[in-house]
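*Asks:* What follows is each chain in one-letter form.
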Amino acid sequence: MTISIKLARTVKDLLMMAQTEYFDSGHRTCQGCESAMVLRWVAKAAGPNTIVIGATGCMYVANTTYYTTAWALPWIHTQLSGTGSAVVGTAAALKALMEKGKLPNEKINVIGICGDLGCADAGLSEVSNAMTHTKYNFLILMYDNESSANTDIQETTMTPFGALTTFSPSGKQVRIMKYRWKKNMAAMMAVGHPEVRYVATAIASDPIDLYNKVKKALEIGGPTFIHTLDPCPKGWGYDPKYSHEIGKLAVETGIWPLFEIEDGKFRLTSTSARIASGEIKRKPVKEYIRRQSRFKHLTDGDIEYIQRKVDEMWEKWLIPGLIPLTKELPYPEVTKASTK
Amino acid sequence: MSVSALETKRLEAVLKGDEEVEVVGTGTDAVAYALMLADVDVTSAYPIRPYGGVMQTVARLIADGYMKAEYIVAAHEHDQFEIVKHASAVGARTFVGSSGVGWLLAIEAIVAISTDRYPVVALIGNRALDDPGAYGVEHNDALMVRDVGWLLVWVDTAQEALDTTLIAYRVAEDPRVMLPVGISMDGAFLTHSEHVFKIPPKKKVQQFLPPYDLGNRKLHPSNVISVAPQVNEDWVTEIRKQMDEAMKNARKVIEEAYRDFAKIFGRDYGNPFVEPYMVEDADVVMVGMGTVSKPIKEAVRRLRAKGERVGFLRIRWFRPFPTEDIIRYLSGVKVVAVVDRDYSFGSPFDGGAVFTEIRSALYETDHRPLMMNFIGGLGGREITYNDAINMFNMALEAARKSKVEQRVIWYGVRE
Amino acid sequence: MKRYLGNLDKPEERVNRALEAYQSLTKLREVKPGEGLPYKYEPPHLPGWKDMMIGGAIPGLKPNQRNPYFTGGTAKHYRPVINFDKCIKCSLCWEYCPDSVFDVTPDGYFNPALAYCKGCGICAEVCPVPDTIIMVDEMEFEDGYGKFLDEYRAWKENREAYRKWFESLLPKAQVISVRKR
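Protein chains in written order, with my numbering: chain A, 237 to 576; chain B, 3 to 417; chain C, -11 to 169.
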């Protein structure tokens, strides 16, 4: 079943459709914060009939500051790992109260916003549990700035290979402390929870894509998940004015594939779709990596390794961006041998 | 598994009729029936003994259509408590619970529930903390939250468990209080033992328990608020002070609730905070919480028959602490012996938590009694009436000598 | 110096950075008492515990209402100055501003609320028309952090004066990413 909602096609559409701000100026985010951009566009896409839940993380500390708020939507804090629980609790309560006639029956969006530390690390079991509660409608949005950015830029599992953080510096004895490869959260949510009807990746430097994805996720119902990659000037080490450009490069180099999975159908979107179709060529990852000081200690060999991994994802994976298995699966041969 | 025909008849009677119905069930069953009567909207379950029984009964009541609530099986206890916290924030009446280490795993969310002022009611099936893993009762799990704004009450019978659950919602949701309540129930001794108790009719419960109303704090698109934004030192003291005031208000609200309860249901608990048993003219008064009252009351009866002037005081509400009642009943007594089913290593005089608090409450009185402390019944070890008699004899000897030889006694510990 | 930097990785950017740093140093001067905007410190009146909502709750904003209690505009080192004459109303600045600073004017221009602008410079980077949004060092201004400055109104009131002012600032503007030019 396809959903019929009005999606934005151009920048002008966004201006026409989403001029009202629900997450407005007066938050304490850093200069050039792309996570704030994500929140801004999510709030615009969701509209006024929405309850927002914000887990501890930089977007908690920054967007409600010193007993003030930047939200024009009802907003509540949840503990670092509580996003999955909070959205389930909120959605369940709305359902119960509406069914019992204690609240007027209407569609209220429930959005849980969590960072990579709160979602992919601390709150993974709650989020995973939430994704199985198909009778409740909510969206979990993971803003991923690839570090624990509010507490001095520490390593999380979502920090990319080799990146410098205060927990993974580069020293004389150990050059690369972050040796682990980043988790693929959107894929985990989609593949591990087959009943979930909408999972997507997005980026703030493509607001049309982000806006449409949030709209779809909220429209389709049930538990949904969106993973955004948010360039962080402070954590990644670049001039804040390049936030938009770094984000674009993440997509253009293929490091961050934009995709959506709607009712089990996988689809690359926007720039990533054009890369897959051959319309544009993937840029070398070096262009992205050399722009950020968190990668300054990487050698050309390291970058080649990263390039190889990205190439592998685009050329060898069963589904690029989603399923990190190569197409040379052993089982067809085994089957052949046994049937002979 | 469906509710038996007999139970069906009885449940329909309480849901539709005007009369209370007598049933046999465990302490956790009694709480489950109270939740049915209170029309709880959202509840969250995660298995751990001994609290788990209540959720099994609730599940059965929902499956058979006697209760309508969102029943959410959580990923773990932290998940459980976060779920109800947020359900409560949008205006749903909620129930949750846990035991021992499960309760402790949830402690981050537990504290946020009280600081965010959501009137969640929780059952704590008291259980010893790990390690090593043990099922038996100890009160340290509930006592972990004694300082963070949870109202704590210990119940003694299944009937009291049912009634206290209804009272708990009334007190917690009162605008003067708006704090969560933890109902403590001794693991195994009460959670899993069968009792005869009466289920009141739902009509009377509706009369007793007004609908849950968060007022201007309800999280809804029609009421745009931000709850618990990041604050600095400019605000924290004031937020804590509000909780302090709410906890103080709770004493009055609890009294009112018990008074109304007696009026509507005809069951009068007398003093809501403590249950005095033959304390008038007593030289020695034993103090305890929970099911330890049974053997101690038996010991009191037997010793009284021999002419010893002994009595027992059961503490029901531990938070807010019944300071005035403690002073009223215990000041002027020769010896007060506190039975602690808990420990508080390194505390003043190395006593238990209840002992320490009672001692503190009695400091201001003119006639301070001698004080003894028995740490006993840990990990679910039984305290029999013979044990209680032994304890009384030690306390009586101290009363005769007007001197306490050994202040804190680990009762029954193997040397 | 230029030659030294030119041999390193990312030469243009390094040269730009060095230039920026040099410029900012040459602009430093001593501030004397009595200079700047008249300002009287008024300690904020904070409510007592009886007047606060319980549970740490506070009233939210209305749609399109900016946070009245926290602006953040003091964070900026550079401020966007807009040449409305050249603006093609593409809306990219409005779209990409993480701080929702740009107000849409009735005739379709985008006017920055400088009190809330943190000066990240994304708007100047994404603006497709050269020298339309320029980032100018805050040291050039003595009006606080632009708290009371309404660039669009100034332009509407006197286009000629505004154009002159803009042109005087243009040479002092921060060097925009070289690749774009």
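Worth flagging that the hints you see were computed from the coordinates, not collected in a lab. Only a predicted model underlies this, so the values are computations on that prediction, with no experimental measurement involved. One should not assume that every hint holds.
What the hints assert, rightly or not - One side only, chain A facing chain B, incomplete, derived with CB under 10 Å:
hint, residue
1, N285
2, G318
3, P396
The beta-carbon is built from N, C-alpha and C at its ideal position, and this holds for glycine as well.
*Asks:* If a hint holds in the structure, say so; if it does not, say that too.
*Replies:* For each hint, the structure was consulted:
no.: 1; hint: N285; verdict: holds (5 Å)
no.: 2; hint: G318; verdict: holds (4 Å)
no.: 3; hint: P396; verdict: violated (28 Å)
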